[in-house]
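Heads up: the protein sequence lines correspond to chains A and B, in order. Following UniProt numbering, the numbering of the first sequence begins with 1 at its first residue and continues without gaps. Following UniProt numbering, the numbering of the second sequence begins with 1 at its first residue and continues without gaps.
One or more of the hints may lead you astray.
No copy is singled out in the list; a pair is fine if it fits within one copy or between any two copies.
Below, simulated EDC-like cross-link-like pairs (lysine to aspartate or glutamate); rule was C-alpha separation at most 16 Å, straight line [stated by the list, open to error]:
#1 K17 - D303
#2 K96 - E45
#3 K96 - D180
Hints listed in this document are in silico derivations from the structure and should not be mistaken for laboratory results.
Protein chains: 2
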Amino acid sequence: MKERIRLYLGIDGGGTKTAVTIITDTRAVVGEGTGGPGNIAVTAEPVLRRSVLEGVSQACAIAGLEIADTHFAGVCAAMAGYSDEERRQRFFELLKGLVKADRYRIEPDYVAAYWGATLGEPGIVVIAGTGAVAYGRNAEGESYREDGLGYLLGDRGSGFNLGLHTLRYTLDRMKEGNVDRLAAAVLEFTGAQSQSGIVRWLYGDFVPAKVAELAPVVGALADEGDRAARDLVAKMARCLRHSVRQVRHKLWLPRDVPVYMLGGLWNIGSFFRSEFIQPTWRVEGEGDDLSGGRFLIGTPHADAAYGAALLALEASLTGS
Amino acid sequence: MKERIRLYLGIDGGGTKTAVTIITDTRAVVGEGTGGPGNIAVTAEPVLRRSVLEGVSQACAIAGLEIADTHFAGVCAAMAGYSDEERRQRFFELLKGLVKADRYRIEPDYVAAYWGATLGEPGIVVIAGTGAVAYGRNAEGESYREDGLGYLLGDRGSGFNLGLHTLRYTLDRMKEGNVDRLAAAVLEFTGAQSQSGIVRWLYGDFVPAKVAELAPVVGALADEGDRAARDLVAKMARCLRHSVRQVRHKLWLPRDVPVYMLGGLWNIGSFFRSEFIQPTWRVEGEGDDLSGGRFLIGTPHADAAYGAALLALEASLTGS
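Turn these sequences into a full structure, and let the hints steer you where they fit.
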């Protein structure tokens, strides 16, 4: 007969996949799995159900468990689309139907990303992808989020933001009749041949992720030394630096608190990363906003699914 | 038997209505009519067909004509959604099927608005509604458009822009725990009770027009002397002033060239209008960008449907 141990389930639902991790009281991973799309605001309920079921079943199988016979001490689901309260409530009901547990908890995705990266130690995660958000927590357990308000209200320093600035830059160059290397690269990428072609590309079936697809184009040119691309990329790096400094300031975090760079945008090039860590590039027409010094960059300890599992464990310990 | 006279048809298609005017060689109006929605980029083809047919039939009836028996010397349709080239081509075919004419012409809506307002004399129209565009023409017949690139790339000084800045302002005040009069008005208007409530209101079924609906709320408070509302409204007025100055500069127009204020945003309050005509309000944290002096404001001579009819006439005269 098996020893009875307490198990905690963490679920990290994103736009394209749902990651699942099961841990024990001692924080040891006993199973992991993945399912399909898990953004609760945009994913249809049957798909969401299948994503979660698939991920949890896989993780259970690896742990030598049957999902139907397993009763978790705690479950935490950290889901993209969290801010849609109505959908969140419906997902909560769906989750209770799929998984048996003593406690259920739903958190924003960036909170789980923080817990995974830091294991709960003071620190700041700066997540840059199509959107952008910075989130930190201090030794007293106070937390603060900066930005993360979506493409119309913020997402400063995001892939969307970089793409949009690049489109504006391109339109300006076309207006001047001076299509430089960056503008030419944008025209090639979008297949546009005129100002109105750019406008059509942007607004036709608009989604923020489409605009973010321009980011790697700019990032690559910045790495090659293109001045215009460097200006744009450096501006984004500075937006993200600003968000991190805001979090550090609001939480009274020491200057050497680790900063964890998460999200796909960090892969667009080494210039972008180095300008974030310690800027040296002077953006034309801007003052010397190179303050804040070098960031201490941390290596993430684990992923957001593990972070979610830790949150399930923490909730269970504190009774919250 | 009737005298045969040359007739010109002007069509002004907007988001909610389509206005039609028939004029003669001597620019005299002989018929007017209106139909339903006429934005070619977003209106379904059967609706578009009905809108045009209704407007043209009404105008013909007033002129004592039957649409089926009437052959126009020229037709000009100035349609919202013009930049969608594919839709424009389809609308062109539809128009040819509905109305018989020697010449057909399709123009952006702001060009017809300019011709209606100025009757072709040098001048600048600044159209502010959900979006924003400035367009002018000089004595040599050169024209220039500033902005009009939609809510993601521009529309500076538009109702959308004002609404979005107001939402950002409200989020900032909520973050500080300092909900002032303007922020309270926004919360009441949106029905939101929290930051995430604002975010949901904005992104749920987002259309730019929804954001622009906040503009009258801010405009009214600005008229009452509310400082925050005045700052925001003055910023928008300054964006529009900038667009007008750009048009004036590019076309070498004299300082006293008339400026025509068109579009619904001008109705949000007298403070907005006077800040546009001659700014006096100093926006907090901004330099003294009050340059450019007082604008000479013109009273529009006619509407965009009449302007479109003039464009039809002009095309016929110049053979363009």
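Status of each hint after checking the structure:
no.: 1; hint: K17 - D303; verdict: within (13 Å within a copy, 54 Å between copies)
no.: 2; hint: K96 - E45; verdict: within (14 Å within a copy, 47 Å between copies)
no.: 3; hint: K96 - D180; verdict: neither (56 Å within a copy, 41 Å between copies)
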